[in-house]
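Number of protein chains: 2
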Amino acid sequence: MPLPGAFAAALRGAFPDDFISTDPGDLATYGRDWTRVIEPSPAAVAFPRSTDEVSRLLRLCADHRVAVVPSGGRTGLAAGAVAANGELVVSLDRMRRMDPVDLVGATVRVQAGAVTEAVHRHAAEHGLTWPVDFASKGSSQVGGNIATNAGGVKVIRYGLTRQWVLGLQVVLAGGEVLELGGALEKNNTGFDLRQLFIGSEGTLGIITEATLKLTRLPGKLDVFLFAVPDLAGVLALFREARQGPFVIMAYEFFTDRCLARVERHRGLASPLGEASPFYVLLEVERGEGAEAGALEAWIGSLFERGLVADGTLAQHGKQAAELWALREGISESLTATGLPHKNDIALPIAALEGFCAELLRFFEAEYPGWEIALFGHIGDGNLHVNVMKPDDVDRAEFLRRTKAADHAIFRLVQQHAGSISAEHGIGLLKRDYLGYSRSPAEIAVMRAIKRALDPLGIMNPGKVLDP
Amino acid sequence: MPLPGAFAAALRGAFPDDFISTDPGDLATYGRDWTRVIEPSPAAVAFPRSTDEVSRLLRLCADHRVAVVPSGGRTGLAAGAVAANGELVVSLDRMRRMDPVDLVGATVRVQAGAVTEAVHRHAAEHGLTWPVDFASKGSSQVGGNIATNAGGVKVIRYGLTRQWVLGLQVVLAGGEVLELGGALEKNNTGFDLRQLFIGSEGTLGIITEATLKLTRLPGKLDVFLFAVPDLAGVLALFREARQGPFVIMAYEFFTDRCLARVERHRGLASPLGEASPFYVLLEVERGEGAEAGALEAWIGSLFERGLVADGTLAQHGKQAAELWALREGISESLTATGLPHKNDIALPIAALEGFCAELLRFFEAEYPGWEIALFGHIGDGNLHVNVMKPDDVDRAEFLRRTKAADHAIFRLVQQHAGSISAEHGIGLLKRDYLGYSRSPAEIAVMRAIKRALDPLGIMNPGKVLDP
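Chain order of the listed sequences is A and B.
Counting from 1, one number per residue, gives the positions in the first sequence under the working numbering.
Counting from 468, one number per residue, gives the positions in the second sequence under the working numbering.
Extracted from the complex, chain A is given alone in its bound form:
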């Protein structure tokens, strides 16, 4: 599906020769994200170098009614950056400028295409960090992080991306440029429009620059692995950890099913003696100048009170990395050793135990013998539910049945006041399930806001809301 002729002609007059690509390789690369469910089919890819170019481009798109898909590092897992209907992809790849770090204010202004890890390195030179951190940070871009309100393993310590954005520059569907906030911690001057764009998945405008809030790099980190008998134990230990002599950096859990897959694929082994149905990985930062022995005393008291069946504290960086590998290897190991159907859901922490019991009962009743691999950021109430394809069920049948199962899972999530997307977003993949997390009244308000900001419906159409 090519671009309209008059629009293509207008582009040629207004931008440099290398501004637009229709190269099939570029269309295939830039037309999709890390999801592989929907076939990409963009008309072209634009590579602006400045906010001014984005603004002039979007003005032309509005004039010619050309739909646009904003495109960052394309590491999303909800097909929010997939161009499947002849849209113009607007890549931020050439907008990677990072200004010098403001050391007094502890902020930095960057263009939206700056890669997350590059921002980390830039800030780390000054002992600072932008604490938005996850596995895809080597490819993901700041604009995409903000547009999806990205999460990750450090949310329990630092919160979501939303918390680390002071200012936003956004280009609206008609080309208008908004400068929202800036290097300000406090700015109570009417509706905080920044917040609307954060997490809106490119449906309200294109983020072109951001002023990021930085924080001090953490001090010495310690990593524990614990074995606990059941989910109630995972939660009891969490409550205990919140009162421990440290700040929690990560509180992750996984089941024996996950560990078995990691052991099979990566050849790793748990350092704990006995097998256990549940494992907890706890990373903590000790206070500056904390007394030696405080952690050991704390871990000792857990054993004494029977809160853990087994546990270990990494004695050096290599051991800490080995413990983390057990947790971080799960996603890859599930895919390498089978076909997982993934869900990323959140529950109130207090509802987790009841929810998981019902979830497992549901699978036992409806899908007897199927393997469910549970893991996630349980300190945030965030569960990754992985249903593994049984060997005796073919792929098409598996996809059909997991789709039906999704409705049942999401009904259960709704009954427990949870969210059908904790951190991945809605995109195209979860759009038809939105009603499990948002009421008709909420969706009506979302539609009204979408109409107010994008009356022609050209900004990432079909993502989050029906077009």
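Bear in mind the hints are in silico, worked out from the structure with no lab data behind them.
From a predicted model like this one, the values you see are computed outputs, not experimental measurements.
Covered stretches of chain A, going by a simulated chain B footprint (3 or more residues, C-beta under 8 angstroms):
1. 97 to 106
2. 228 to 241
3. 377 to 383
Glycine is no exception: its CB is placed at the ideal position from the N, C-alpha and C atoms.
Take the given structure of chain A and dock chain B to it, following the hints.
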């Protein structure tokens, strides 16, 4: 201005007898907030007991086109809760329910009328706190805290109110009830509508309940007072403090002018030997089990490097309270010893020095001899600029001239990319100045959102935006 007769009749049929008051004392009390500039003139005050009553009330208000002013603890400083035009005040005073604290999730659900300090006490029983904290906490209510995105002295540690709200229940202008979020840390399912209502000053709906995020009460706190020669020194010390062996709880500054007023009014004295043009109050939390002596070593290094002219570390709670009294007594002392014209502005921290120099130059040139008392949450870039009435200028003339000065101050704020309202909000008092902080394009988007959510314009009309 009485309520329309048909509306009053409909209310009588639908609600208990004590639901509405037109008692002159109630009208005077509930018609205004802590500002005293605009004369209150409400038609009546409603005292709902439940979300259902608020919903049925707002439906009737929409049917009869009755304008509504939501009313919490009325401690605001921008006239956001003033009813000056025959509106119906909706007081949340009877909606003070606090649910039991959820100890696993560290959350609590409360009705909007719960008093901030009551929430603190409720959470403190479990070693937890809702870290929204300021002088008016004994009267202010959670709903008002959220509707104004309240700040305070602990923002540098904990952020604004926005960061501590997981779920919101809101009644829209037509009576529709939205349940936004809940006890969830993560919920990336489309536009985060909570964020729109936080800080919207009652112009989009009435907040009726909230699920609050709690955190652990801080450990042992230490309080320093430092004397520094100039604002550059205040900022250099701030940068240094950010790398100190502790977590910063508060970083406040004030000038010798402020101190003199506190000494005169309260009879307090600075514990530091020599007078100094600038003072810094620093409160820190040491790490759990931190080494004794680390703080003393840090303070020693400040002297060695000439970063402070003088300084003291409170040796016990009474001394700490005495240091805090110097800072917290300022606002009261300025009012008790003169007539201050107040402004609450924010600047990028890196712009503070240049801004203050220009501000003082402006006053020297245009208002020679006038006393300017500067203090504030400088770690957040937040300045309270107090212009004191000179003895030889009468009150009316002073108000006229400070109004003219406000335009000059706000132009300067705009030139330095600051905010004309750091934490107090816009309300009625700063509405006509909004354009110094928000562009015409932003204001147009705000109006579009207001129209989408409140098409009849009955929610707190005239606040933030022109009616």
